[in-house]
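Guided by the hints, dock chain B onto chain A, whose structure is given.
2 protein chains.
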Amino acid sequence: MRRFAIVGHRARTSGDFSLNDLPGGAGRMDVLCRCVNTAFFLSHDLRKDVECYLVLLGDPAPPKTVRFSGVHLRSLNPDERSAAALLKKALALPCGDEFRESSPGVAVRQGGLARLIEDMPLALLHEEGDDLRNVHPLPSGYLLSDHLNFTPEEEAVVQDMPRISVGPVSLHADHAITVVQNELDRRQHGWN
Amino acid sequence: MRRFAIVGHRARTSGDFSLNDLPGGAGRMDVLCRCVNTAFFLSHDLRKDVECYLVLLGDPAPPKTVRFSGVHLRSLNPDERSAAALLKKALALPCGDEFRESSPGVAVRQGGLARLIEDMPLALLHEEGDDLRNVHPLPSGYLLSDHLNFTPEEEAVVQDMPRISVGPVSLHADHAITVVQNELDRRQHGWN
Numbered sequence: 001m002r003r004f005a006i007v008g009h010r011a012r013t014s015g016d017f018s019l020n021d022l023p024g025g026a027g028r029m030d031v032l033c034r035c036v037n038t039a040f041f042l043s044h045d046l047r048k049d050v051e052c053y054l055v056l057l058g059d060p061a062p063p064k065t066v067r068f069s070g071v072h073l074r075s076l077n078p079d080e081r082s083a084a085a086l087l088k089k090a091l092a093l094p095c096g097d098e099f100r101e102s103s104p105g106v107a108v109r110q111g112g113l114a115r116l117i118e119d120m121p122l123a124l125l126h127e128e129g130d131d132l133r134n135v136h137p138l139p140s141g142y143l144l145s146d147h148l149n150f151t152p153e154e155e156a157v158v159q160d161m162p163r164i165s166v167g168p169v170s171l172h173a174d175h176a177i178t179v180v181q182n183e184l185d186r187r188q189h190g191w192n
Numbered sequence: 001m002r003r004f005a006i007v008g009h010r011a012r013t014s015g016d017f018s019l020n021d022l023p024g025g026a027g028r029m030d031v032l033c034r035c036v037n038t039a040f041f042l043s044h045d046l047r048k049d050v051e052c053y054l055v056l057l058g059d060p061a062p063p064k065t066v067r068f069s070g071v072h073l074r075s076l077n078p079d080e081r082s083a084a085a086l087l088k089k090a091l092a093l094p095c096g097d098e099f100r101e102s103s104p105g106v107a108v109r110q111g112g113l114a115r116l117i118e119d120m121p122l123a124l125l126h127e128e129g130d131d132l133r134n135v136h137p138l139p140s141g142y143l144l145s146d147h148l149n150f151t152p153e154e155e156a157v158v159q160d161m162p163r164i165s166v167g168p169v170s171l172h173a174d175h176a177i178t179v180v181q182n183e184l185d186r187r188q189h190g191w192n
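Line by line, the protein sequences give chains A and B.
Its first residue numbered 1, the first sequence is counted upward by one per residue in this note's numbering.
Its first residue numbered 1, the second sequence is counted upward by one per residue in this note's numbering.
Think of the hints as simulated: they come from the structure by calculation, not from any bench.
Some hints could be false.
Claimed, not checked - Short derived list, chain B residues pointing at chain A, Cβ under 10 Å:
| no. | residue |
| --- | --- |
| 1 | Arg28 |
| 2 | Asp30 |
| 3 | Leu42 |
| 4 | Arg47 |
| 5 | Asn77 |
| 6 | His147 |
| 7 | Val166 |
| 8 | Pro168 |
| 9 | Asp174 |
| 10 | His175 |
| 11 | Val179 |
| 12 | Asn182 |
| 13 | Glu183 |
| 14 | Asp185 |
| 15 | Gln188 |
| 16 | His189 |
Stated by the list, open to error - Over 12 Å on every C-beta distance to chain B, these chain A residues come out as not near it, computed from the model:
| no. | residue |
| --- | --- |
| 17 | Met1 |
| 18 | Ala61 |
| 19 | Gly111 |
| 20 | His136 |
| 21 | Val158 |
| 22 | Asp160 |
Predicted model only: the values in this text are computed from it and were never measured.
Ideal placement from N, C-alpha and C gives every residue a C-beta, glycine not left out.
Pulled out of the complex, with its shape left as it was, chain A reads as follows (with noise of 0.2 Å):
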């Protein structure tokens, strides 16, 4: 299983969202709805081995996380919207401390960073981490900020994590995902 986590510190947490205004109104969830297309497209498939959590510190009900399930997943398309209208359905039901599935693969709960890391190991994807191609074995768990660095409180909580880099430059969220997706993949195929 390949895992994905993704911390939108903007991102709304009820369904009132625009579908029209992902950046704006809806607190850069465009980053957050790439970050799921890069976790599960293939060029026709959707990736079975992989979940993506989302976890939403915005107004007006923060923390919330979102679990995305590829083997469950079911109307997912590649558009920054298609991923939107999974989070607005998810955010408009009403959750608890587990997760409760609002549609088929989508699942939202209660929590932020901080129980998300409880529950899995997870290493940090950073700039001044070790090359991802000089790391062996891979983890199997991934964590990344949105547009915005981590805040204090939030570099106290991941400070032990392992640090990978996934190359020279500093890279969007979803393109850094993409990046470990394919030495994933060439590992797994025998391409290195």
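Okay, now just chain B, sitting in the frame of chain A:
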């Protein structure tokens, strides 16, 4: 200069499409918008050394080619709607055989793949090509198709191009561009 050219087989060639329906009415314009994103965006910067060419073959006035030039680009944000808004503006402009600027860094002309190939050398990103990591030196220009395969007529045009593969599984065009950018970044910065 890095160049990426993407063929949009059904992409609308007038500016009358809706930003709310890029996959449908606009002829999978969402695919092309994501390619523009991966061609240009760094974490908090635009790649100035990139040109991205979109070859649009859908109704009502094919073929047209839209050029995005990183060194002059303004008003491009990462979300799909942002690139699509620049495309709408370009496709609303009457155009002839030479590129005509519709907004800073964006220009449009009549003409398709055959003409583009006369203008610049391109390598084909293809599942059955040589592994990108083993190609020295790497080409500066890359051709990709959208969600559809090249037609037999297009195959005839591209048959003599070098073929390069980004990995063992077939990827979306925008993901393939990200992998190419990463390899080019690594070589440019001595990471390989």
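Verification of the supplied hints:
1. Arg28: 9 Å, holds
2. Asp30: 4 Å, holds
3. Leu42: 6 Å, holds
4. Arg47: 9 Å, holds
5. Asn77: This interface hint holds because 7 Å falls under the 10 Å limit.
6. His147: Holds: closest Cβ of chain A sits about 8 Å from B/His147, inside 10 Å.
7. Val166: 7 Å, holds
8. Pro168: Where the cut-off is 10 Å and the nearest Cβ of chain A is about 4 Å from B/Pro168, the hint holds.
9. Asp174: With a minimum Cβ separation of about 8 Å from chain A (threshold 10 Å), the hint on B/Asp174 holds.
10. His175: Check passed: Cβ of B/His175 comes within 5 Å of chain A, closer than 10 Å.
11. Val179: Where the cut-off is 10 Å and the nearest Cβ of chain A is about 5 Å from B/Val179, the hint holds.
12. Asn182: 5 Å, holds
13. Glu183: 9 Å, holds
14. Asp185: 5 Å, holds
15. Gln188: Result: holds, 8 Å to nearest chain A Cβ.
16. His189: Check passed: Cβ of B/His189 comes within 4 Å of chain A, closer than 10 Å.
17. Met1: Its Cβ never comes within 12 Å of chain B, the nearest being 17 Å, so this holds.
18. Ala61: 24 Å, holds
19. Gly111: Check passes; 28 Å lies beyond 12 Å.
20. His136: 17 Å, holds
21. Val158: A/Val158 clear of chain B: closest Cβ-Cβ about 18 Å, beyond 12 Å.
22. Asp160: About 24 Å separates A/Asp160 from the closest Cβ of chain B, which puts it past 12 Å; holds.
The structure shown violates none of the earlier numbered hints.
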